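Peer 1: The sequence shown begins at 1 in UniProt numbering and counts up one residue at a time.
Certain hints may be false.
[What the hints assert, rightly or not] Okay, derived cross-link-like pairs now, DSS-like style, lysine-lysine, Cα gap no bigger than 27 Å in a straight line:
id, residue 1, residue 2
1, K42, K32
2, K121, K32
3, K42, K78
4, K121, K42
5, K121, K78
6, K78, K32
7, K121, K200
[Said to hold, decoys possible] If you anchor each label on the Cβ, the simulated ranges turn out as follows:
id, residue 1, residue 2, range
8, V201, E132, 40 to 50 Å
9, I176, R204, 29 to 39 Å
10, S18, H208, 45 to 55 Å
11, E90, P131, 48 to 58 Å
12, R186, T14, 18 to 28 Å
13, R139, I196, 40 to 50 Å
14, S16, P131, 22 to 32 Å
15, P15, S75, 43 to 53 Å
16, T206, P125, 24 to 34 Å
17, N83, A152, 43 to 53 Å
Quick caveat, the hints were computed from the structure, so don't treat them as lab data.
Here the structure is a predicted model, which means the values were calculated and not measured.
All C-beta atoms in this analysis are idealised placements derived from N, C-alpha and C, irrespective of residue type, glycine included.
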Amino acid sequence: MGGVRWAFRCGSWTPSRSEWLLAARCVQREEKERIGQFMFAKDAKSAMAGRLLLRRLVCDRMGVPWSDIRLERSSRGKPYLANPACSSPETMGWSFNISHQGDYAVLAAEQGLQVGVDVMKTTMPGSTSVPEFFRIMTRQFTDCEWSVIRSAGSEWEQLTMFYRHWALKESFIKAIGTGLGFNLQRAEFHLSPEPITEGKVCRRTTMHLDEEEEEVWAFEVSRERKK
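Work the whole structure out from these sequences, hints included.
Peer 2: As structure tokens, this is what we get:
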């Protein structure tokens, strides 16, 4: 069975009250309570979409009845299927991850491989200039990565390159499950020189971990299609 890559445009989802209540009944109580703690409705909607994507994956791809799905989080926040009674070849060995930001909730899953995913929307810094924002974030990237980011062109293009690097680092951290204690400069990404075509997947990104090229990890980069 191949891997799964799903993206849901939360920005286009405008559930009615009855639809939202139905969605809330479709997730676990603790998930519903956590989603209810978001300050902004947009964030709550994105979080709900992410949980529904996870449950659909478990139901459709692993064959677990919706009512039997029990998802829990590891000590570092990574979701996993916690149903001992549902153990079967179809459910064993799956790694799955979700991310939501901007207009999208995304999911990636693999059986027999560790997986992480991140989605970022290019936005201007809210209360500071781009150079100052980059200065604040200096320690998150290597000198080589900063050279690529700052040579991207306009400030908007530099921000786009910044978030591309950031999403790669986040996806790797989420895959290995190390959390915030990981020094981001340990992982240096070397991006493909080819532009990312809308609707296509670029698989030519490589990573150096502690200055050694890693060949066991594969990275996929894509961008949304224009509306």
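Peer 1: Is the distance from the Cβ of S18 to the Cβ of H208 consistent with 45 to 55 Å?
Peer 2: Since S18 and H208 have Cβ atoms about 51 Å apart, the given range 45 to 55 Å holds.
Peer 1: Honestly, do I176 and R204 meet the 29 to 39 Å range at C-beta?
Peer 2: violated (21 Å)
Peer 1: Confirm or reject the claim that N83 and A152 have a C-beta distance inside 43 to 53 Å.
Peer 2: Hint holds: Cβ distance 46 Å, inside 43 to 53 Å.
Peer 1: With 22 to 32 Å as the target window, see if S16 and P131 comply at their CB atoms.
Peer 2: For S16 and P131 the Cβ distance comes to about 45 Å; the hint is violated.
Peer 1: Given the proposed pairing of K121 with K200, does the C-alpha separation stay at or below 27 Å?
Peer 2: holds (17 Å)
Peer 1: Given the hinted pair K121 and K32, is their alpha-carbon gap at most 27 Å?
Peer 2: holds (25 Å)
Peer 1: Please verify whether K78 and K32 have alpha carbons no more than 27 Å apart.
Peer 2: holds (17 Å)
Peer 1: State, for the Cβ atoms of P15 and S75, whether the hinted interval 43 to 53 Å holds or is violated.
Peer 2: Once the Cβ atoms are compared, 32 Å apart, the range 43 to 53 Å for S75 and P15 is violated.
Peer 1: Holds or violated: K121 with K42, Cα cutoff 27 Å?
Peer 2: holds (14 Å)
Peer 1: 18 to 28 Å was suggested as the range; check whether the CB atoms of R186 and T14 agree with it.
Peer 2: violated (42 Å)
Peer 1: For the range 40 to 50 Å, tell me whether the beta carbons of V201 and E132 fit it or not.
Peer 2: Given range 40 to 50 Å: violated, Cβ gap about 34 Å.
Peer 1: Is 40 to 50 Å respected by the C-beta to C-beta distance linking R139 and I196?
Peer 2: Taking Cβ atoms as reference, R139 and I196 lie about 26 Å apart, which means the hint is violated.
Hints 8, 9, 12, 13, 14 and 15 from the list above are not met by this structure, while the remaining hints are.
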